[in-house]
Amino acid sequence: MKPARFAYQRAATTEHVLEALHRSGGEARVIAGGQSLVPMLNMRLARPALLVDIMHVAALSHVDDDGARLTIGAGVRQRDLEMRHDTAARQPLLAMALPWLGHVQTRSRGTVCGSIAHADPSAELPLVLTALRGEVHLRSRRRARRLPAEAFFTGMMVTARAEDELIEAVSVPAVRPGTGYAFREISRRHGDFAIAAFAAVADEKELRLAIGGVAETPKARVLPTDQGLDDALDTFAWNLEARDDLHASARYRRELVRRIGREVVLAAIRDREARALKEAT
Amino acid sequence: MSRQAPAVLDAGQRHPVRFTLNGRKAGGEAEPRMLLHDFLRHVLGATGTHVGCEHGICGACTVQIDGAPARACLTLAVQADGAEIRTVEGLASAPDRLSALQEAFRAHHGLQCGFCTPGILMSLDALLRERPDCGEAEIRETLSGHLCRCTGYTPIVKAALAAAEALRVPHHA
Chain A
353 MKPARFAYQR AATTEHVLEA LHRSGGEARV IAGGQSLVPM LNMRLARPAL
403 LVDIMHVAAL SHVDDDGARL TIGAGVRQRD LEMRHDTAAR QPLLAMALPW
453 LGHVQTRSRG TVCGSIAHAD PSAELPLVLT ALRGEVHLRS RRRARRLPAE
503 AFFTGMMVTA RAEDELIEAV SVPAVRPGTG YAFREISRRH GDFAIAAFAA
553 VADEKELRLA IGGVAETPKA RVLPTDQGLD DALDTFAWNL EARDDLHASA
603 RYRRELVRRI GREVVLAAIR DREARALKEA T
Chain B
-6 MSRQAPAVLD AGQRHPVRFT LNGRKAGGEA EPRMLLHDFL RHVLGATGTH
44 VGCEHGICGA CTVQIDGAPA RACLTLAVQA DGAEIRTVEG LASAPDRLSA
94 LQEAFRAHHG LQCGFCTPGI LMSLDALLRE RPDCGEAEIR ETLSGHLCRC
144 TGYTPIVKAA LAAAEALRVP HHA
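Residue numbers (my numbering), protein chains in the order written: chain A, 353 to 633; chain B, -6 to 166.
Hints listed in this document are in silico derivations from the structure and should not be mistaken for laboratory results. All residues carry an ideal CB built from backbone N, CA and C; glycine is no exception. Hints are supplied without guarantee of correctness; some may be wrong.
Unchecked claim - Now the stretches of chain A that chain B is said to cover, found in silico as 3 or more residues with beta-carbon under 8 Å:
no., stretch
1, 363 to 369
2, 398 to 407
Claimed, not checked - Covered stretches of chain A (in silico footprint by chain B; criterion: 3 or more residues with CB under 8 Å from a CB of chain B, positions within the stretch not fixed):
no., stretch
3, 457 to 463
4, 537 to 549
5, 573 to 586
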């Protein structure tokens, strides 16, 4: 499998990227780590006329932490974020999910924003972004805008990004006191696509569970913490409209939502209690 | 205003690509669409890197790019321009020698047909360099990025553990 022909431009500044996307009339694609895009090129599911390489744009390669939010630039590789000493302290859910992305051999090249752009329904980062109410920072020559994760992911590998827009960064809230997190993924083997993946955030106000790999996009619900939890999980399971595929039946996926979903929200509550204890001492 | 926009490398034309291959300068010409493994094999003649699935699943084409294991099939040759590439040809110190890791593969029957081996060696070489004290769990996690249809992986894990041990006590290697 070899890609069809395309031209290639190595951009040095964000302006170069935006200019190329603006001029191409939808025929250009941004390439960062290439770990989602190059398989699509090889299989000729994507046939862009021009690839704009953003990995040499210094302005896109930063992780910014203003105390309240972590903003991860388009050039930040998954492995680099995983290996940063402060990722777990700044946003535990991100640190929990990163080791589940593909394999170390793909995380070394793949970027955080690239996975968001690809919007695979079973991918971990779109799930984490949805669970945390993260935002996608889009920029074109026309405008800059931020979209909440749930507005950005519109379908299976379909997003609200316009053809001339660059995903400049994604941002997530940093860890807050009194908040607990949990992540779990069910797959045949570590590194395989998720049959179902779960990310939960529990704070004093609400218990939020997001599920990936079942519906066409990651979906989140606020769940009750009382005896209504099982009923709410059952409703959530049906609302996801799971389908049968090669990897698992719809029925099995619904059962995962009920059982593993329950375990993950309880784990997030326990994590909140453990963190509260740590903060108190 | 920003610097002048960088040149567009035209589709269907070949363009110079230069990088460091196993510590030496290497270069050739590639169309933008040429994958790194094809550039290594067909342009540079470095056929140690094998080509399997060509969509990032099997791991046979794994090389090291700037020190980290990566899929050559998911990397364009033009993306690798200026990078440091290491392949299985760079593991041993001389053509008639084996590295400690390669020697352990030989001693522990870590390969049969050998198709997946170059990729696995490049992943494990990076792991043993980064984490000299790694145990079986980390080795298995690294191997999860590779498919081997001969060995059942157990001899590969044994070989990797033996190599880690040999590298920790270099005079026994």
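Evaluation of the provided hints:
Given as covered by chain B, the stretch 363 to 369 of chain A passes the check, having 5 residues with a CB less than 8 Å from a CB of that chain where 3 are the minimum. With 5 residues having a Cβ less than 8 Å from any Cβ of chain B, the stretch 398 to 407 of chain A passes the three-residue criterion, so the hint holds. Counting residues of the stretch 457 to 463 of chain A whose C-beta sits closer than 8 Å to any C-beta of chain B gives 4, which meets the bar of three, so the coverage hint holds. With 3 residues having a Cβ less than 8 Å from any Cβ of chain B, the stretch 537 to 549 of chain A passes the three-residue criterion, so the hint holds.
Given as covered by chain B, the stretch 573 to 586 of chain A fails the check, having 0 residues with a CB less than 8 Å from a CB of that chain where 3 are the minimum.
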